[in-house]
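A.B. asks: Given next are the chains, with one letter for each unit.
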Amino acid sequence: MNSPEDYRSSAGKAAADTRLHSALAKMRDKVGRNALNLYTQVDAQADPRLKAKDVRRKVVNNLDVVLTSLAAKITGRGGHVHFAPTDLDAVEYCLGVARRHGVRRVVKGKSMLSEEIGLNAAFEAAGIETVETDLGEYIVQLKGETPSHIIAPAIHYSREQVGELFAEKLGEPYTSDPPTLTAMARKALREKMLTAEMGVSGGNTACAETGHVTIVSNEGNIRMSSTMPRVHVVLLGIEKVAATLEDHDVLLRMLTRAAAGQKISTYVSYVGGPRLEDEPDGPEEFHLVLVDNGRTRILGDPDFREVLHCIRCGCCLNVCPVYLKIGGHSYGTPYCGPIGAVFTPLTRGVNECHHLCQGETLCGACKQVCPVDNDLPRMLSLLRAKLADGDPRWNVRPQSRGTKAAFAAWAWIMSRRPALDLLLRLGRAVQRLLPKPSGWIRRLPGPLSGWTRGRDFPPLAKESFTERWARTRGRKA
Amino acid sequence: MSTVIERIRKALHIPQGGLSEDTRANVVFAKGAGWAAPAGDVPAGDLPGLIAQIRTEAGHLNLQVHECASAEQCGAELAALAEGRRPEWGTARQVMCWSDPVIQGLGLEARLAGTDISVRTVPERERFDETERAEFRRQVVDSYMGVTTADLLVADTATLLLLGGRGRGRSVSLVPSIHVAVVPVGRIVRTFRDALRRLDARGLGLPSNMTFITGPSKTADIEATLVHGAHGPREMHLFLLP
Ligand code: SF4
Numbered sequence: 001m002n003s004p005e006d007y008r009s010s011a012g013k014a015a016a017d018t019r020l021h022s023a024l025a026k027m028r029d030k031v032g033r034n035a036l037n038l039y040t041q042v043d044a045q046a047d048p049r050l051k052a053k054d055v056r057r058k059v060v061n062n063l064d065v066v067l068t069s070l071a072a073k074i075t076g077r078g079g080h081v082h083f084a085p086t087d088l089d090a091v092e093y094c095l096g097v098a099r100r101h102g103v104r105r106v107v108k109g110k111s112m113l114s115e116e117i118g119l120n121a122a123f124e125a126a127g128i129e130t131v132e133t134d135l136g137e138y139i140v141q142l143k144g145e146t147p148s149h150i151i152a153p154a155i156h157y158s159r160e161q162v163g164e165l166f167a168e169k170l171g172e173p174y175t176s177d178p179p180t181l182t183a184m185a186r187k188a189l190r191e192k193m194l195t196a197e198m199g200v201s202g203g204n205t206a207c208a209e210t211g212h213v214t215i216v217s218n219e220g221n222i223r224m225s226s227t228m229p230r231v232h233v234v235l236l237g238i239e240k241v242a243a244t245l246e247d248h249d250v251l252l253r254m255l256t257r258a259a260a261g262q263k264i265s266t267y268v269s270y271v272g273g274p275r276l277e278d279e280p281d282g283p284e285e286f287h288l289v290l291v292d293n294g295r296t297r298i299l300g301d302p303d304f305r306e307v308l309h310c311i312r313c314g315c316c317l318n319v320c321p322v323y324l325k326i327g328g329h330s331y332g333t334p335y336c337g338p339i340g341a342v343f344t345p346l347t348r349g350v351n352e353c354h355h356l357c358q359g360e361t362l363c364g365a366c367k368q369v370c371p372v373d374n375d376l377p378r379m380l381s382l383l384r385a386k387l388a389d390g391d392p393r394w395n396v397r398p399q400s401r402g403t404k405a406a407f408a409a410w411a412w413i414m415s416r417r418p419a420l421d422l423l424l425r426l427g428r429a430v431q432r433l434l435p436k437p438s439g440w441i442r443r444l445p446g447p448l449s450g451w452t453r454g455r456d457f458p459p460l461a462k463e464s465f466t467e468r469w470a471r472t473r474g475r476k477a
Numbered sequence: 001m002s003t004v005i006e007r008i009r010k011a012l013h014i015p016q017g018g019l020s021e022d023t024r025a026n027v028v029f030a031k032g033a034g035w036a037a038p039a040g041d042v043p044a045g046d047l048p049g050l051i052a053q054i055r056t057e058a059g060h061l062n063l064q065v066h067e068c069a070s071a072e073q074c075g076a077e078l079a080a081l082a083e084g085r086r087p088e089w090g091t092a093r094q095v096m097c098w099s100d101p102v103i104q105g106l107g108l109e110a111r112l113a114g115t116d117i118s119v120r121t122v123p124e125r126e127r128f129d130e131t132e133r134a135e136f137r138r139q140v141v142d143s144y145m146g147v148t149t150a151d152l153l154v155a156d157t158a159t160l161l162l163l164g165g166r167g168r169g170r171s172v173s174l175v176p177s178i179h180v181a182v183v184p185v186g187r188i189v190r191t192f193r194d195a196l197r198r199l200d201a202r203g204l205g206l207p208s209n210m211t212f213i214t215g216p217s218k219t220a221d222i223e224a225t226l227v228h229g230a231h232g233p234r235e236m237h238l239f240l241l242p
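Going line by line, the protein sequences match chains G and Y. Take the first sequence: its letter number 174 is residue 174 in our numbering, and every next letter is one higher. Take the second sequence: its letter number 207 is residue 207 in our numbering, and every next letter is one higher.
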């Protein structure tokens, strides 16, 4: 994870990277700006975001009942269900399955949760070749990097860069033509997918009443990873379930619109267990790993429970003015953008991740486009309040003491007229000494200088409104 | 009970307010008003409109629609399609078909008898041993075309629903470069919601695996440019039967 210093320096670099900005702007224009229009296709009368939110709330508030039913249905079909309290436990479980089957190669479908628990590194350390099969993830993996967007992991690369990468790593002739590049990856990955002994994928949601994990994809890589290898393992956050098929109606239609601007993805797979006896293909063994890793702690705090409603569509990234400038890597964590700025501090420590929740602007765009109407700005403000006041329940040390003192002083002064007048007089005296080439102050002194690093500051007026009122007694009126 | 479930119950303060688990289950699994499955198929009079809609959607998706007047015509067109295509991997031409009366009715084997194209059908057995599965897998991998039917066809998005089960390999609609689905128009429903309602009406006796398929495989991972044929079939055809 990035330290606050890393965050500042990589964000600084990214903020100057115009190529990155135009790449991210494509997602903004294609998906982010469109999302609200597309939602009206789901329901033109009532706001479907609120309906989706209701569905999510209902499930999250009854999570024990829903998960118990899901687990029972899947075990009933001969699948295995494992509840993993921590990331380490989840990784251990996956390694155990791989060892039992003597697995040498794993193919993976896109899963942010596997990034969260650090599965790839653990597999590689155990000598198991781990191949990402989503084209974007594959590019990122060949490059030795991590994804920079929840939905479009390689959005920060140009076609030329991908061409050079494939020429170097796959020994293919250089081209910058996306169809040809896709065909190269298709060939290289087909081999891997047909020979891997184990497939690992994430899940987008699940259906508790029927006992299925629901996985959407456009490429078909997830169907490959869940059909061709002998073993299929699904990693799912405990919150990412739905109760009924009816819930899927609104959730899936909102998800594909929010994530990719599509009415429906190419493949929506319902996976509910291993191959049955009379089926000629499909995995011999099926494992569902339900991962907690800090989620039950969030569940226990009504202030933050809402963040568990998230369906990881990535739409809030596409409209976030901060994300669009600094890109996903600056966040230095699997979940970036506004959702990451709330979820990561809650799971990895608020003090440790203070820069994430303080880096966002509270503009509110993320709440507007969120398909489940998640109030991320509210939760960002709450996290900042905890940083100022401290909160033993979340082990938060008060850390923004300087800020807190400054605001307390400000409040004190603002509620006392004579003190404010004194401060204004002082300010006017000081500003006379400051350079004002265009009538505006170029540089503020001392701790205020940060404000003027990128912009000028308007000088105080010669006379405040109250002073003028006192002088003229509102004569004109 | 697993630790995680215990933690969840603690976080939710359960038992709380005297609501029993059954009551909560009733709430969370309750069906909305108007969810119950539609009584029958869509009226025949609505079919032309729905088929037109499928054609429009299919156009955006790069899914090719062939409306056939009879199984006879369908068989002939499908055979012609198979003859006109070269395999993407390897050189031998093989077609793998689901074992299903709709597909058997096309007489593909007889039509392609004089050519280099071999037609195979997913074997129907009580159980498959290791060797039989390996053999089936090899045959699917060697096929350049997979022919399936669909249990439902959603007009709103031109989406096929394929249920898994006996005689229906999951890989047939996935591994070959060309996927052909032959669907009687009586299986058309209006929306995704209607499809889910039909599934629900089966009394949850759902198979271990089912897939909604909307057009050929695609990706937009390089500079958000749309390309067809990522990992699944790069070409897809829908044959509509009366
Ligand atoms: S917070 Fe909302 S918009 Fe952001 S990823 Fe989650 S569901 Fe999507």
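No wet-lab data here; the hints were simulated from the structure. Cβ coordinates follow ideal geometry from the N, Cα and C atoms, glycine included. Among the hints, erroneous ones may be present.
[What the hints assert, rightly or not] Here are some of the chain Y residues that sit facing chain G, going by a computed Cβ distance under 10 Å:
(1) Glu6
(2) Lys31
(3) Trp35
(4) Glu124
(5) Gly165
[What the hints assert, rightly or not] As a list, the in silico DSS-like pairs of lysine-lysine whose alpha-carbon atoms are at most 27 Å apart:
(6) G:Lys192 - Y:Lys10
(7) G:Lys263 - Y:Lys10
(8) G:Lys30 - G:Lys58
(9) G:Lys26 - G:Lys325
(10) G:Lys367 - G:Lys30
(11) G:Lys30 - G:Lys51
(12) G:Lys462 - G:Lys26
(13) G:Lys30 - G:Lys263
(14) G:Lys51 - Y:Lys31
(15) G:Lys263 - G:Lys367
(16) G:Lys192 - G:Lys143
(17) G:Lys263 - Y:Lys31
A.B. asks: Next, verify each hint and record whether it holds.
C.D. replies: Outcome of the hint check:
The interface hint given for Glu6 of chain Y holds, since its Cβ lies 9 Å from the closest Cβ of chain G, which is under the 10 Å cut-off. Satisfaction of the interface hint for Lys31 of chain Y is found here, the shortest Cβ-Cβ separation to chain G being roughly 6 Å, below the 10 Å cut-off. The beta carbon of Trp35 of chain Y is positioned within 10 Å of a beta carbon in chain G (closest approach about 5 Å), and the interface hint is therefore held. Interface hint at Glu124 of chain Y: satisfied, since its Cβ lies 8 Å from the closest Cβ of chain G, which is below the 10 Å cut-off.
Because the beta carbon of Gly165 of chain Y sits about 7 Å from the nearest beta carbon in chain G, less than 10 Å, this interface hint is met. Taking the CA atoms of Lys192 of chain G and Lys10 of chain Y, the gap is about 44 Å. The hint is violated against a cut of 27 Å. Restraint check for Lys263 of chain G and Lys10 of chain Y: the C-alpha separation of about 39 Å exceeds 27 Å, so the hint is violated. With a C-alpha separation of about 31 Å, the suggested pair Lys30 of chain G and Lys58 of chain G falls outside the 27 Å cut-off, and the hint is violated.
A hinted pair counts as satisfied when its Cα atoms are at most 27 Å apart, and Lys26 of chain G with Lys325 of chain G qualifies at roughly 13 Å. Restraint check for Lys367 of chain G and Lys30 of chain G: satisfied, since their Cα atoms lie roughly 18 Å apart, inside the 27 Å limit. A C-alpha spacing of about 24 Å is found between Lys30 of chain G and Lys51 of chain G, which places the hinted pair at or below 27 Å, so the restraint holds. At roughly 47 Å between alpha-carbon atoms, Lys462 of chain G and Lys26 of chain G are farther apart than 27 Å, so this suggested pair is violated.
With a C-alpha separation of about 14 Å, the suggested pairing of Lys30 of chain G with Lys263 of chain G holds against the 27 Å cut-off. The suggested pairing of Lys51 of chain G with Lys31 of chain Y holds, with an alpha-carbon distance near 14 Å, which does not exceed 27 Å. Of the supplied pair hints, the one linking Lys263 of chain G and Lys367 of chain G holds, its CA atoms being roughly 21 Å apart against a limit of 27 Å. Proximity of Lys192 of chain G to Lys143 of chain G is assessed by CA-CA distance (about 18 Å); at most 27 Å being required, the pair is judged to hold.
Simply put, Lys263 of chain G and Lys31 of chain Y have alpha-carbon atoms about 24 Å apart, close enough for the 27 Å limit, and the pair holds.
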